[in-house]
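On the provided structure of chain A, position chain B as indicated by the hints.
Protein chains in written order, with UniProt numbering: chain A, 1 to 526; chain B, 1 to 241.
It should be emphasised that the hints constitute simulated quantities derived from the structure, not laboratory data. C-beta: ideal position from N, C-alpha, C; glycine also. Heads up, some of the hints might be wrong.
What the hints assert, rightly or not - Simulated DEER-style distance windows between Cβ atoms:
#1 B:M80 / A:T425: 46 to 54 Å
#2 A:L31 / B:G88: 55 to 63 Å
#3 B:M80 / A:S250: 46 to 54 Å
Claimed, not checked - In silico SDA-like cross-links for lysine to any residue, where the CA-CA straight-line distance does not exceed 20 Å:
#4 B:K128 / A:T505
#5 B:K128 / A:K496
#6 B:K128 / A:P506
#7 B:K118 / B:A179
#8 A:K496 / B:R94
#9 B:K118 / B:K128
Each chain, letter by letter, is given below.
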Amino acid sequence: MANETQTGGRSVDIGHAAKDALLAGLIALGLFGVFIGLQTVQDISNRLVLKVRPEALAVIVGIIVVGRFLLNVFVWGREPSHKAAVASPSGGLLGMFKRLCFLVGVVVTLVAVVDIGFRLAGGALPNMPISPPGTMGLGSIILIEAVAALFGVVLIAFGQNMTERAAALLGPAGIGFLAAFPIIAILGAGWGGSLKWIDNFGIQILIYVMLGWGLNIVVGLAGLLDLGYVAFYAVGAYSYALLAKEFGLSFWILLPLAGILSAFWGIILGFPVLRLRGDYLAIVTLAFGEIIRMVLVNWVDFSGGYAGISGIPRPTLFGIPFNATDEGFAARFGLEFSPIYRTIFLYYLILCLALLTAFVTVRMRRMPVGRAWEALREDEIACRSLGINTTNTKLTAFALGAMFGGFAGSFFSARQGFISPESFTFIESAQILAIVVLGGMGSLYGVVIAAVVLVGGFEIMRELDFLKQIFGNDFDPALYRGLIFGASMVVIMLWKPRGLISTRTPTAFLKERKTVSGDLVKEGHG
Amino acid sequence: MTEPLLSIRGVKTYYGKIIALKGVDLDVNEGEIVTLIGANGAGKSTLMMTIFGSPRAREGKIVYQGSDISRMPTHEIARMRIAQSPEGRRIFPRMSVMENLQMGAAINDFAHMDEDLKRVFDLFPRLKERINQRGGTLSGGEQQMLAIARALMSRPKLLLLDEPSLGLAPLVVKLIFDAIRDLNRTEGLSVFLVEQNAFHALKLAHRGYVMVNGVITMSGSGKELLERPEVRAAYLEGGRH
Chain A
1 MANETQTGGR SVDIGHAAKD ALLAGLIALG LFGVFIGLQT VQDISNRLVL
51 KVRPEALAVI VGIIVVGRFL LNVFVWGREP SHKAAVASPS GGLLGMFKRL
101 CFLVGVVVTL VAVVDIGFRL AGGALPNMPI SPPGTMGLGS IILIEAVAAL
151 FGVVLIAFGQ NMTERAAALL GPAGIGFLAA FPIIAILGAG WGGSLKWIDN
201 FGIQILIYVM LGWGLNIVVG LAGLLDLGYV AFYAVGAYSY ALLAKEFGLS
251 FWILLPLAGI LSAFWGIILG FPVLRLRGDY LAIVTLAFGE IIRMVLVNWV
301 DFSGGYAGIS GIPRPTLFGI PFNATDEGFA ARFGLEFSPI YRTIFLYYLI
351 LCLALLTAFV TVRMRRMPVG RAWEALREDE IACRSLGINT TNTKLTAFAL
401 GAMFGGFAGS FFSARQGFIS PESFTFIESA QILAIVVLGG MGSLYGVVIA
451 AVVLVGGFEI MRELDFLKQI FGNDFDPALY RGLIFGASMV VIMLWKPRGL
501 ISTRTPTAFL KERKTVSGDL VKEGHG
Chain B
1 MTEPLLSIRG VKTYYGKIIA LKGVDLDVNE GEIVTLIGAN GAGKSTLMMT
51 IFGSPRAREG KIVYQGSDIS RMPTHEIARM RIAQSPEGRR IFPRMSVMEN
101 LQMGAAINDF AHMDEDLKRV FDLFPRLKER INQRGGTLSG GEQQMLAIAR
151 ALMSRPKLLL LDEPSLGLAP LVVKLIFDAI RDLNRTEGLS VFLVEQNAFH
201 ALKLAHRGYV MVNGVITMSG SGKELLERPE VRAAYLEGGR H
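Extracted from the complex, chain B is given alone in its bound form:
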């Protein structure tokens, strides 16, 4: 078996004295969509931010493409072709859509700007219509598209998505999840998806992990997890759309 693209081993993260991640093991293989589901406060977003080095893992190893990135500064991790669409989208509200996308391409020194713009506009045609509009005036769904498009502008090998369905209408969620599936199929992009919307996320993902209170309690293929009664009881029943 080949080495995974991203491998997280025994990672512990603290906020001051409070422990948020109590030793997490997780792998993302090349060309895979992996999802992490869990309740609010389980530590999902903390894990995602820990991969990016803020906050830093106090113990454990995060190995990406064979090199340990757990001690690297955030901006250098981004330069290793890991891109992130963070929780709450965090687009630049007063800058135009175009400028937001340019910021995404900054680490490539704008080398393939036109090509990459075409690629994200094919994926999200709505963004092209909004190109000169300020980011803050976009709708929630458009902002999410922009956050993903901005991340894609850096030509990542691994895309980290933190709750892309947060606060969006079901149709928009479907559009965004379809786009993620497309990217994975056509370009072989590896995706690590943190989600509350367990049903959609597990259906989309090849493999999934369940996190409870900073510990991974279950893992398996997306289909397996969907059928597990504990998962159904905790995350799906009553929550399905």
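Excised from the complex, chain A in its bound form:
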């Protein structure tokens, strides 16, 4: 095996791949030689002079050579065995994970390599601002990025060789990663820098994961298209804010109370829409969301109108507040005061709430009522003729979905300390719905992936400073968030029209767990 490597039962010709990559590099050199290798700049006396940029050219060509080589080895060379892998009974989650690993691996590797390249090239070019903004030196940044690039390559290889058994460990591994995330963030970015990662990424994404999981009960399982989900989020948020300020009740009492109030509003919405389905249901729920918001805007005595409510009490750790006083968390435990303790506490709080939502959903799906939700989504008339009370089934779905929205809402207002109707506009409902639909209706993993991509993607746009070096200093990636958000939705819908994870796992098995993946079996065959 001097010249060949065995990947997935089929050998790949490394020599051929290398030749092909070199050829692609030559073509790239010819194409980019002028465009990237040469640059016109104005000198002191305002004359245009040509500048040679061999480093930038080398980086671009290098990316193409490496990328082409990787594609040859891992994708094109494996075509036949790749097909074999599809034909073998593999769960949708596994297939999804393989593709995701590949995609993330390629993106991470490319981004890291491009950034390294531009930093290196930038160092030699005075007009190309290299800006390691922090205190880190260029060397350590490049080292981190090299590790990231390596991680990307490992991820690609790992994804390609993933097995069914390893896929079953994804859930626990994911929870483990989430539990360790604040520690990783602190180790990676230091005390000061980690705040942004835990708050903007961790908590923000988890709120949307939880909302996605809550809405998933209504839309994904029961098949009731709800465009006004944010109303329950608002009910939860205002319940906590008003009751905490007026009566001084603690977060831990108000959290379940906010959930109950939201569930109550879920049932109130449920009754009039019992007979509606599809488009009509969507319009009425949309109107419901707007009604709640308009009431909050106009009933100034109650909700403060547009001004909102500020100074909402923060949650405490069983009575210990997170502040700088002697009674505060830091002082009690002999630590130096830092806002990060509260952030970490909030992170674990929303993590627990989100996991509770997932746990309840998983359990409900195995219970008669959960199965009735799914049957209702499939065929309402058949459901009724099997003796299912569709009224109760729909109302439980609305109530339970709304309850989790209410939990998330009260967490949101406790975290922000300030709420106003601005936070509960239709676009929020749309975004939560987009997370559920893009993730794949009914799939918990799908919701997580979609939330990370959509919400995390929004946040990451702020971080992509190196894009400035490609598109110029006026380029602000954050301004293109909407465009990229929309484009990514279109791409996902073209690529996977039924959402990222469209395969549904059955909840009941006869004796042993032996799934024959349905979409691979020919109709009427065997």
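Then chain B, alone, in the frame of chain A:
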């Protein structure tokens, strides 16, 4: 004579202002297979759905085991041990065969799940092979078997079947009709069968009714109806396999 299991008297059903059933009288006795034949649009499926309360009969009475069910909600009618394999089968396509069967057993609170599973698998062994497959990936015949098996999971006394032979190959139709005959003979299950396939249906049934434009025009034993020239002319000639 004992009271029939299901007795329909003067039932009129409307879709908005359009009258679909113009006063139908029909009986199903205990342990009997009764078939209703008729052309497309005669109102056969409407009658079957009216028994289940959707749409509701605007006039008339539907009495099942001595109680009037014509005003009951659909899901409560199902709880009276009437099961239905509806037109177009209406299985749950994204749920597995097993889950479909579980849905059928929901009204029993899954009390005799294992026993009932064995019973339907004895009847349709093919379903056992497909147990963890999604309903939507089954063939038409298998879907029909699943629809009947799902209905049987609720341990009904009366089984309503709406065109079980629709779009199926003759061999599969025979298999399904044999299964219905078996159920009737061994368990005494009463069956009300709506069919286009008049020849097979009348041969299987003890008694039959012919419906034209929302009215029952003829009734009698299956054999009698098969021999009636009007029936032969309208439903059998040229249509026999």
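With the threshold set at 20 Å, check whether the alpha-carbon distance from B:K128 to A:T505 stays at or below it. 19 Å, holds
Taking 46 to 54 Å as the hint, is the beta-carbon distance of B:M80 and A:T425 inside that range? 49 Å, holds
With a cut-off of 20 Å on the C-alpha distance, tell me whether B:K118 and B:A179 pass. 15 Å, holds
Starting from A:K496, check that the Cα of B:R94 is at most 20 Å away, please. With a Cα-Cα distance of about 17 Å, the restraint between A:K496 and B:R94 holds, given a limit of 20 Å.
Can you tell me whether the CB distance of B:M80 to A:S250 sits inside 46 to 54 Å? Hint holds: Cβ distance 51 Å, inside 46 to 54 Å.
Outcome of range test on Cβ distance (A:L31, B:G88; 55 to 63 Å): 58 Å, holds
Holds or violated: are the alpha carbons of B:K118 and B:K128 at most 20 Å from each other? 9 Å, holds
Take the C-alpha atoms of B:K128 and A:K496, compute the straight-line distance between them, and say whether it is at most 20 Å. 32 Å, violated
Keeping to a limit of 20 Å between CA atoms, is the pair of B:K128 and A:P506 held or broken? 16 Å, holds
When the structure is compared with the earlier hints, a violation turns up for hint 5 alone.
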